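Asks: Sequence:
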Amino acid sequence: MKIVEPKYEILTDISEGGIKELQQIERVARVCYKSEDKITPDGESAKKLVGFLVKQGHEAMLEHSQLSVLFTCDRGVANELVRHRIASFAQESTRYCNYSKEKFGGELSFIRPFYIDVTDADKNGEITDNTPGSLWVDSCECAEIIYKDMIALGMRPEQARCVLPLCLKTEIVVTANYREWRNIFKLRTPVAAHPQMRELMCPLLMELQKKIPVVFDDIYTYWPADDQTRKGSMVK
Numbered sequence: 000m001k002i003v004e005p006k007y008e009i010l011t012d013i014s015e016g017g018i019k020e021l022q023q024i025e026r027v028a029r030v031c032y033k034s035e036d037k038i039t040p041d042g043e044s045a046k047k048l049v050g051f052l053v054k055q056g057h058e059a060m061l062e063h064s065q066l067s068v069l070f071t072c073d074r075g076v077a078n079e080l081v082r083h084r085i086a087s088f089a090q091e092s093t094r095y096c097n098y099s100k101e102k103f104g105g106e107l108s109f110i111r112p113f114y115i116d117v118t119d120a121d122k123n124g125e126i127t128d129n130t131p132g133s134l135w136v137d138s139c140e141c142a143e144i145i146y147k148d149m150i151a152l153g154m155r156p157e158q159a160r161c162v163l164p165l166c167l168k169t170e171i172v173v174t175a176n177y178r179e180w181r182n183i184f185k186l187r188t189p190v191a192a193h194p195q196m197r198e199l200m201c202p203l204l205m206e207l208q209k210k211i212p213v214v215f216d217d218i219y220t221y222w223p224a225d226d227q228t229r230k231g232s233m234v235k
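Sequential numbering of the sequence shown, starting at 0, is according to numbering that gives the first Met the number 0.
Derived by calculation from the structure, the hints in this document are not laboratory data.
No experiment lies behind these values; they were computed from the predicted model shown.
Here a beta-carbon is modelled for each residue, glycine too, at the ideal position from N, C-alpha and C.
Calculated cross-link-like contacts (lysine-lysine; reagent style DSBU-like; alpha-carbon spacing at most 30 Å):
#1 47 to 37
#2 33 to 47
#3 37 to 19
#4 210 to 37
Here are the in silico distance ranges between beta carbons for each label pair:
#5 105 to 58: 46 to 52 Å
#6 91 to 9: 14 to 20 Å
#7 94 to 9: 24 to 30 Å
#8 59 to 100: 45 to 51 Å
Please model the complete structure; the sequences and the hints are all you need to start from.
Replies: Below, the structure is given as structure tokens:
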């Protein structure tokens, strides 16, 4: 078995300073006001207008955008992600991926929950101590052994997958417009959200705030969970 850490990768190319992305929204939004004459090539008019739209709650204009992010996470987190309806998804399939094959190294990969310490675990099939880390490693190894045995007995991956745990590593691409990403961040970054979801979404939000001005600036959060106010993610 292989233990991997959760991560994300922004697949959509973002222009320097996010100016082109803002200009796209501005070009569309100014049709409403017929104020195209106010567009400036340096992007300052775009920043000003998009900031105004966000402040006024006129977020329909933000739908004229697209952002794709590849998440490497466990099946539990992925199951939560696909509940966001205004988005498109592409996910690694346990029906068609045969993890016993060489292309997967003949082993299964599992996402280590950040609150599980595996330094005390023997990854050779033995429990060195009755700790959460040792028990977690042992359960993953058992699932891998049974899965591979079922495949060897002629069962298809879509049948053998029934023994796989939620911590099985998966990859999922989420594509949505900026308005939906704002909604995702508001729901998935507060301290009340699932900690493994926050582990991905909080750093992603902070990176996007640096790359794309204005659009996400009014949403703030904390990671790690050290927010003493217990407010988590809020709109400023």
